[in-house]
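Chains D and Y, in that order, are what the protein sequence lines are. At position 65 of the first sequence the residue is numbered 64 (numbering that gives the first Met the number 0), and the sequence of numbers has no breaks. At position 386 of the second sequence the residue is numbered 385 (numbering that gives the first Met the number 0), and the sequence of numbers has no breaks.
Careful, some of the hints might be misleading.
Stated by the list, open to error - Per label pair, the in silico range of CB-to-CB distance: (1) 21(Y) / 38(D): 21 to 29 Å; (2) 40(D) / 21(Y): 18 to 26 Å; (3) 29(Y) / 237(D): 17 to 25 Å; (4) 235(D) / 74(Y): 36 to 44 Å.
Stated by the list, open to error - Some residues of chain Y that are not near chain D, with every Cβ distance over 12 Å (derived): (5) 76; (6) 81; (7) 285; (8) 311; (9) 317; (10) 322; (11) 386; (12) 390; (13) 392.
What the hints assert, rightly or not - Which residues of chain Y face chain D? A partial, calculated answer using Cβ under 10 Å: (14) 11; (15) 18; (16) 19; (17) 23; (18) 38; (19) 84.
Honestly, the hints are just simulated from the structure, not real lab data. Quantities reported herein were computed from a predicted structural model and do not represent experimental measurements. The C-beta atom is built at its ideal place from N, Cα and C for all residues, glycine as well.
The primary structure of each chain is shown beneath.
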Amino acid sequence: MDTASPQSGELTLDLPSTPAPAVEPVEIRNALLHNLWLSAECDAVGLTKPELETALVVIGTKHNFGFPPAVRATRTQMDKFYATLQLPELALAQACALGRDQAWQHFFARYRTPLKHAAIAITGSSSLGEDLADSLYSELFGLTERDGQRRSPLASYSGRGSLMGWLRTTLAQRHVDHHRRTNRESPLEDTEPASTSSLPITSPDTIHQLQAAVTAALQTLTLEDRFLLSAYFLDQRTLLQIAQLLRVHEATISRRLKRLTTNVSKQILKHLQSAGLTKRAAQEALGTDPRDLTINLRNLLQPSPSPTFLHQTTTADTKQS
Amino acid sequence: MSQLLQPGQHLDPDQLNAFVEHALPEHERLATLAHISECSHCRQIVFLSQQAQQPITPLPQPTPAWKRWFNSTPALTLAAASLACALVAVSLHLHHISQSPAVSSKATLSSALSPTAERIIEPNQKSMETAAPPLAARTKPQLQPGTVPPAQLSSQPNKVTRPTTDTLSTAKPSNPQISGVSFGAVASNTNANSAPLSPQQPIASHNAADLAPASSTKALDQTASAATLSLAPTQSSSTNETVKVESSSPQIQPAARTTGGLFALRTNVNAKRLAVAPLPSNLATATTISNGHQTLAADTAGTLYLSLDAGRHWTPVDQQWTGKAILLTLVAPALSPAAPPNQQQTAVHGAIAASSPQTTKITDAAPPLPATATSSFQLTTDSGAVWTSLEGLIWKPR
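One chain only, chain Y, in its complex shape (with noise of 0.2 Å):
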């Protein structure tokens, strides 16, 4: 078709190069690509020639011995993804069992307590998600023989039934692998996971603080003053309590419950309280303590302060008592004149009981809590003495 396809009549390299980078002149472009449109010896060279001018790509890299194992038996890599999924099934089935009774579950402790937990819970259900680690791990080995008492799971979930002191010290349960236990503020997270408690700990001065661990609880007493509630009084000459637990609050989040414990309550009311404002004395704050409606704080002056909305707006109170205020305290007002400091007295910090985010309705020989009864506060000045008030304004000597 071309003279210029006789054998051994080819363009030279400068030409095919040029023609490549478009640097001919078009006459000369033209009469290359004549050329090369016939001549599959130069077209071959303008193609290899612009193939060696794209990047290298990358040999590739000999397979691990362990890839080469699976590629070669493709059985067992579908068995292996088989079994990685069924385990992550598995374990996201647990892990949805283990929130489903405290996401029904709502303990109630006191009525008054429960707008509380509500309120100061719910924005850092992510906080305590990350901060808490589960209860069990942590009461464990903070439970002293004799300080808690002992527990026996019933066959309702939500309902326990406990021996009280004197039976469980001198007797064992006969199960004493716990689960569902709900035990006041701190208790009420427990669930199926939950390691058995230890049957010699009796209630009488079972704090929050001693659940805790060490380090959790020095960093909460750094910023949380520790209120005393008084719970229903374990009758001494009664042989069972129950604990009942009822579902009454579904603002709270599922994530809280699950890994609620107490030094997530704790870690809760810590990053709650560091969002508040500074109190109007620009002091640090001494002492705090919330029910609900009403947030009351003392500075390290002693002078007290309420606040009716979280803690954005303080109100000086006018001091009706000598000294500085040192301790602010909630307490249950139809439990406390009757029940012993010491033995029938529950004492729990303010804090975290009324952060809770679940109550405990306790029901046992005794009198049962008034599901009506509003807490009131109580102040500690310096000198000792006690002040109650219901509303934060006006205190009343004890």
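Next up, chain D with everything else stripped away, as it sits in the complex (with noise of 0.2 Å):
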């Protein structure tokens, strides 16, 4: 079962591709910092050249200039690197985790709407976004304190992204363990999950080959086809969800999804013709209507036995109406 997100602070999970520090930090030179630190407008926020040094010697880093563990960045490489970064919004972040005063001030007038208006879409309701961007705040603030040190969030910020972006997720993030918390706290029939649909398969060797058949045809699918059938049928996002968090077209998706449960379905039928069945058998396992095999994937793809948060919500909405 899947647990809550770590709380603040703790929200680091080392990717296997994310390297671990290559290289020693390295010092940035002097005329370069001078400019960063122009472009990154620290002087209105209250941001001293060795603490931008710092961030960014951190950040490049950690995330190895943008190259993959194996990949050793040149001094040029890294320069670049630093170049990318949205300096500004990484300059404020880290004066406010500095707890700089005028930081925070540009803090609020910048994104004190624009934080809310997002908590508020987040949340669906205006009060539960309201609270939800002040507990935000409060967090933001660094009231949490770690090792006698007050930790704010915004020193994990890194400048990839834009601000209100890292914003918004981080919304989104608390809003999904507060639902998660809160629901765990609710009775158990209301989580129960539901029952799981009767395929009409009653051989439990036909039920072990047809499994054993989805995962491997599963396991030959690319990262972005995983998510795709993710996506679509475990978290019932729409296509146009889907194509704008990849950033193509809607149309693209729905012929990718076709194309992907096609080749899935031929897959498992292989798969199972392998194991000994004849052709017609594996088709009846699979059952003549396709949509038998969106079963088979929520049930297989779904690790935890708990729905999906949208589910969840779904249902607890209902429930409360």
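Both chains are given apart, each in its own frame, so use the hints to dock them into the complex.
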């Protein structure tokens, strides 16, 4: 079962591709640092050059300057990596994390209204959105302490994306965590997952062969295909939402999904036949209706027996209303 | 399926945000994609973040009370809609009916006036529609007792029998509600919607200007000269006269007829006159008259000009009179000699009569107006002399 994500300051997951610091922290040349300091408008938020340099070096080292772990970036590539960052927003976030008043004034002036709107959009409620935004403010300000030091999640902002996007994602994360916590406290019968669909499969051997075939077929999929299957069939996301996330047209997503399900069906049939079933028996195992394959995908792709967040939200809203 | 799905291991917001904003390098993007394809938690965060990125749709405004009232009673909404449709249909039907007699009828005042009426009115139908109020509404307040002959509506819509002046001055008609009365160029547009006319109004000195509102008359007089047309003289000894409306000119647009009326015709004439070419003397037009084919105009210096193409080109007319031409009128030659100037001659503004979409053929006890009679021009000089001409070039003193 999935658990709620860790609290602020613990939201770090080292991806397999995310490198450990491969090189020693490299100091930034003074001329470049001065230019970066100017373009980051650090003076307006009260961030000094050494503070900016420290933040840049930590970020560059953490992400290996945008290169895979095996690659060692040259100094020119490091300079280019620094230049690609959102320097003014990074400086603002770092200054806020350090507790600079002028930085917080800038932050409130620029992000108070957008943050509130984003929270309302995420929660779908004005009051809940305001509560969510207020709770995030206190967290961002660093009211929580860790190891005797005040920690602000803003320090984890790397500047690779926009600060507003980072705030939105943080809001979404907090909202999901809050929902999972409150949902966990609800009675058991409310969270009991729906009974599994009754497939017209009678033989346990056939079920075992089918699960093995589906697992083998899914393992051959690319990462993006898996994401498409999960987002579309498990999360019930629309084609438009997926297309906006991947920045392609929704018709492209539709075509890819159709092609993907067809290929997966063929792969499963092939695996079933290779397991000893005849073609007709394999088709009967899958069922002639392709929607049966979808149901199998749902049962197999979802590692947790609990329903997805979307279903939980929908169920909770229905019960509340 | 993946050890990334272990509890508590999720991508941080910075990584997810960079993925959403496509700010990750390819190897990190693939790794993030691999994680979120298997981690519903991070997938939810990604989609929620993307959802918050969309512009917020405004909250629905509270429905007004009257809308809620209609929403709660669909039958009432349907009934109201049906009633509105019915009202529109009835109004359109009534409007169509009010147009029909005018469309089909064509009052012939004289055969010579018809071409002029058609030619002048046609180009400006729309302006007449908008500028002309209903005739009845305008004529009723202007009608003074003893100035307009009363009329009785006959059973036929286009045939009106009216008592003569003497008869009606002492006795009211049995049915004062006049409907479909055609009275020369002025009353030819009255229909079922017309207001009742006063029965104590003689024919004599009935002028178009008397029927128009003061403001519109004043405006007309500034641009159009008053021309007098003698109609069939009303016999004082006769007891009844019949106004027969005939259809003769299909070229006239229905819109002109529906809104036709004195004011509308005047407006049309004025609009038409504004479109003609200026006089060769470049002086203002003092008076003008049109007789279908010919158009005469006199400038402020008294010089007379003739146009054979509705005022587009002007030819000066040799002055055969003494003094300045100050007034141009159109006179039916067969009627004018026998008609006393104040009682038997029905004076109609020349321009109006010429541009009227409906002409009236009057049949009564007096000899009827010859259908083939051609009107003649009449010129009045500043000394009071009256000259007449058939074609506008050769003038003879009257």
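Hint check results:
{"no.": "1", "hint": "21(Y) / 38(D): 21 to 29 Å", "verdict": "22 Å, holds"}
{"no.": "2", "hint": "40(D) / 21(Y): 18 to 26 Å", "verdict": "25 Å, holds"}
{"no.": "3", "hint": "29(Y) / 237(D): 17 to 25 Å", "verdict": "24 Å, holds"}
{"no.": "4", "hint": "235(D) / 74(Y): 36 to 44 Å", "verdict": "39 Å, holds"}
{"no.": "5", "hint": "76", "verdict": "28 Å, holds"}
{"no.": "6", "hint": "81", "verdict": "37 Å, holds"}
{"no.": "7", "hint": "285", "verdict": "73 Å, holds"}
{"no.": "8", "hint": "311", "verdict": "63 Å, holds"}
{"no.": "9", "hint": "317", "verdict": "84 Å, holds"}
{"no.": "10", "hint": "322", "verdict": "86 Å, holds"}
{"no.": "11", "hint": "386", "verdict": "86 Å, holds"}
{"no.": "12", "hint": "390", "verdict": "79 Å, holds"}
{"no.": "13", "hint": "392", "verdict": "80 Å, holds"}
{"no.": "14", "hint": "11", "verdict": "4 Å, holds"}
{"no.": "15", "hint": "18", "verdict": "8 Å, holds"}
{"no.": "16", "hint": "19", "verdict": "6 Å, holds"}
{"no.": "17", "hint": "23", "verdict": "7 Å, holds"}
{"no.": "18", "hint": "38", "verdict": "8 Å, holds"}
{"no.": "19", "hint": "84", "verdict": "39 Å, violated"}
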